[in-house]
Amino acid sequence: MPRPRVAFFSFTSCEGCQLTVLEQETKLLELLEVVEIVRFREAIDRREDRFDVAFVEGSISTPEEEDRVRWIRNQAGLVVAIGACATLGGVNAIREDRDHLDVQGRVYGEKGEWYPAHQVKTVAEVVSIDFELHGCPMAGAEFLDLVSCLITGRKFRQKGTSVCVECVLRGTVCQLWKGRPCLGPISRGGCQAVCPSQGGSCIGCRGLATEANLPALADQLESEGLGDGVTERMLELFNRKEFAAREGGQGDGKGDPA
Amino acid sequence: MTQQARDPDSWTPWRARITETAMLTETERFFRLEPIDGQALGQVPGQFVQVCLPGIGEAPISVASAPNEEGTFDLVVRKVGNLTEALHRTVEGQSVGIRGPFGRGFPVDSCRGRDLVIIAGGIGLVPLRSLIQHGLMHRNRFKSFSVLYGAKRPAEMLFKEELIAWQGRPDTDFHITVDVAPSGYLGHVGLITTLIPYLEGSPADTSAIVVGPPVMFRFVLRELLAHGVPEDHIWASLERHMKCGIGQCGHCQINGALTCREGPVFSAQELSRLPEAI
Amino acid sequence: MVMLSRVRLAAFIDALRRHGEVVAPRPVLDPQASGEYRRYEELRSGELPELAPGKPALLPASHLFLPPRETMLSYELESGRFTEVLDREPRVVIGVPPCEAHALALLDQALSQGVPDRHYRARRENATVVSLACAEPCWEQCFCRQMGTHRATDGFDLLLTPIDAERFTVETNTEKGDALTAELSGVFAPALDADRAALDSWNVRCDAAFGPSESWSADPRALVEDGADDPVWSTEAERCLSCGACVLLCPTCTCFDMVESVPLPCSAGTRERCRDGCMIPGFSAVAHGADFRSDRAERLRHRTRRKFAYQPERYGGGSYCVGCGRCHAHCPVDIGPIGLLKELEKDREEAR
Chain A
1 MPRPRVAFFS FTSCEGCQLT VLEQETKLLE LLEVVEIVRF REAIDRREDR
51 FDVAFVEGSI STPEEEDRVR WIRNQAGLVV AIGACATLGG VNAIREDRDH
101 LDVQGRVYGE KGEWYPAHQV KTVAEVVSID FELHGCPMAG AEFLDLVSCL
151 ITGRKFRQKG TSVCVECVLR GTVCQLWKGR PCLGPISRGG CQAVCPSQGG
201 SCIGCRGLAT EANLPALADQ LESEGLGDGV TERMLELFNR KEFAAREGGQ
251 GDGKGDPA
Chain B
259 MTQQARDPDS WTPWRARITE TAMLTETERF FRLEPIDGQA LGQVPGQFVQ
309 VCLPGIGEAP ISVASAPNEE GTFDLVVRKV GNLTEALHRT VEGQSVGIRG
359 PFGRGFPVDS CRGRDLVIIA GGIGLVPLRS LIQHGLMHRN RFKSFSVLYG
409 AKRPAEMLFK EELIAWQGRP DTDFHITVDV APSGYLGHVG LITTLIPYLE
459 GSPADTSAIV VGPPVMFRFV LRELLAHGVP EDHIWASLER HMKCGIGQCG
509 HCQINGALTC REGPVFSAQE LSRLPEAI
Chain C
537 MVMLSRVRLA AFIDALRRHG EVVAPRPVLD PQASGEYRRY EELRSGELPE
587 LAPGKPALLP ASHLFLPPRE TMLSYELESG RFTEVLDREP RVVIGVPPCE
637 AHALALLDQA LSQGVPDRHY RARRENATVV SLACAEPCWE QCFCRQMGTH
687 RATDGFDLLL TPIDAERFTV ETNTEKGDAL TAELSGVFAP ALDADRAALD
737 SWNVRCDAAF GPSESWSADP RALVEDGADD PVWSTEAERC LSCGACVLLC
787 PTCTCFDMVE SVPLPCSAGT RERCRDGCMI PGFSAVAHGA DFRSDRAERL
837 RHRTRRKFAY QPERYGGGSY CVGCGRCHAH CPVDIGPIGL LKELEKDREE
887 AR
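Protein chains in written order, with the working numbering: chain A, 1 to 258; chain B, 259 to 536; chain C, 537 to 888.
Hint data in this document are derived by calculation from the structure and do not stem from the laboratory.
The beta-carbon is built from N, C-alpha and C at its ideal position, and this holds for glycine as well.
There may be inaccurate statements among the hints.
Claimed, not checked - Calculated from the model, a selection of chain A residues having no Cβ within reach of chain C, i.e. all distances over 10 angstroms:
| id | residue |
| --- | --- |
| 1 | Arg-46 |
| 2 | Gln-75 |
| 3 | Glu-96 |
| 4 | Asp-99 |
| 5 | Arg-106 |
| 6 | Val-107 |
| 7 | Tyr-108 |
| 8 | Ser-148 |
| 9 | Glu-211 |
What the hints assert, rightly or not - DSS-like mimics (lysine-lysine), calculated; alpha carbons at most 30 angstroms apart, straight line:
| id | chain 1 | residue 1 | chain 2 | residue 2 |
| --- | --- | --- | --- | --- |
| 10 | A | Lys-159 | A | Lys-241 |
| 11 | A | Lys-159 | A | Lys-178 |
| 12 | A | Lys-27 | A | Lys-155 |
| 13 | A | Lys-241 | A | Lys-155 |
| 14 | C | Lys-591 | C | Lys-878 |
| 15 | B | Lys-337 | A | Lys-155 |
| 16 | A | Lys-178 | C | Lys-591 |
| 17 | C | Lys-878 | A | Lys-178 |
| 18 | B | Lys-401 | B | Lys-337 |
| 19 | A | Lys-159 | B | Lys-418 |
Claimed, not checked - Only some residues are given here: those of chain C computed to face chain B with a beta carbon under 7 angstroms:
| id | residue |
| --- | --- |
| 20 | Val-543 |
| 21 | Leu-545 |
| 22 | Ile-549 |
| 23 | Pro-604 |
| 24 | Tyr-611 |
| 25 | Glu-620 |
| 26 | Val-651 |
| 27 | Glu-796 |
| 28 | Leu-800 |
| 29 | Gly-805 |
| 30 | Cys-810 |
| 31 | Val-822 |
| 32 | Gly-825 |
| 33 | Phe-828 |
| 34 | Tyr-846 |
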């Protein structure tokens, strides 16, 4: 049976998620045993238009990008959005509530209007997707697990539980004990708590956990003197779209954030 | 072939071959399985097995047949998740991994000499088929033998050929009803509870075994109690998430009870002490 | 009973190494924290355990026997052949406080009933546990005295009590402990009457240091069984973040999820269990999406009742909460058993 043909695409992104694939090092050889990579500009020259699985990195933020991602959806059997830009809007969404012409002007100068951009969209807001791999960057182990699922027919399970689940089981000293704000309790895990276990706070790059209780964490961090609105400010980096949808954290936030 | 004793405590599945498989309805698939080592499953009606495929996962599935001479056993699988979707892709001749049988089955012994009433709602007929088969094989152990089966619509009925055979038996009182039916449908249309007042046998001597959606059980229980069936002779089989089937993973907890060990069959009296149950 | 002096500690550890890798609470090297946190880790060659009081290890000793992730069996995809995988690696765990030893005794009881947990038992039976007595509460969240676990009574093979700065008494609790004591007779010194007297007065001072139970007086099991409809569950759960820390750190929690691990190129795989818990959303969801404990208050009530009522009822013995205080200390919003039980008792008093 022929190996599935796999292609990688970049939109508004840093291509760091695709770099994560290359960083799998020796596991890359095993990856190549089970799939055939036909398009991956960070790695190879080969560039084909016929593929079974498309891994799409980046937000969709221009009309040209919308056309291109629609073409990909047409060509592919499966479309996987990879990384926070593709799944949540990522850091690109920081410009969400600003005037676009103003932003274009600041970035491109006088010729700003030559570079039309619109509201930052996730891939799923433009085309239907089959899977998403969250994170900034996505987790290499999770990417390999998704490929394993595609090869064996096992259903890919997306974690919705908090970062604390993995952090606590690693025996990490909690960020909150050190007087540092951390979004771990309300952020989606699956990253092995890579940031808090190395001494950095969780900034929620994989989105919100199931039943994330935003108001409770916000109240707690403020009462600990970690700063007025610290939770909301931290959420703005990666969860702007989701956070805006909840309008300042009203309500219990129950229900699947996806 | 030397019979290697199966270790009931082990996590290691033994293998069974699919000798027959076919779609029963649009969403449910039937499997007949034969243990490769020749040892019968040895199930009590109402028990379940943990079914697995390597590389896919494992899930609990009710056994849909009573022990038979051929040593095979039947499963009916609805496509709802990882393992069940993979099972729908299997073919005859393929083998699956089995652990079990697990759980407390239907109280066939304490129903002896009583008027047995079996009430199946929708997919609840699947585990109850094992009890119906058992009851018919040992018909003289029960006074009257009644089966009430309610399906949403005629197309969703399970085991259609067997239903006809069961209905034709003079020693069983068999009633089928549907919630909705296309025009021209000649059978009974209406909720299953409407059939309860017409049950044969004496209510005080009745054992009623009910399997169906939780909301159905609530109404059926009410009708049965009103009809005069004692609370400790009304039984239900409950469904809970299970990862191990052997009382270790904790997912199937209902208050202090474990569905895979003290259940899945519980009496109405036991359920009245488990507020989370229904 | 025998005596071990600190100058003989190196010889003691060397002898223990013959019985497996030696694991003890070791300080966590974290530039952001003041060095007060500890983790059970294997001692390096030549390293000696601190055997000193301190905050409880971030994860309790029971996690060495029920680890975060564990392989249950391995398989080949094509042949469908399954093989059970058990960890029988010998280990010596030294420095286990009384509450955690007590938790091991409870787990031994729970995991040998019904279908015995073979993976737990494989690790447990191949381990030697050396407990270290606590002179006083180890942190402000501990309430082991209320739960009756501040003195080690079971779950260990040897118990070290630091009766003075230089010496420990060594008591044995099991045949394994007896055998070890005999084998290490060259390392230990005999115990004199004065030593026994010193241990007795140490224990008296210890009881005094832990103080009488002030938090609540009623039996916790009765409080949670009677308090099913108490508003405390909702009021406390309102701020619960469902982060899951409480259940994952608990010395007597055993729930798990099953995961298939099939590394590329997908010719072989393993079936693994990983820690899970009833406070984590989705734990009780069924196939069609319904969830019988979808409410945070219901989950909090269930967990508390499981620790104080359901587990003791099922397995016998006392409460399954050993009062280590981890769940309370780790909870970002300060939910803990002490607060819950006090509130339940207060409401019960008011109702009278």
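Name the hints, by number, that the structure is in violation of.
8, 9, 18, 19, 20, 21, 22, 23, 28, 30, 32
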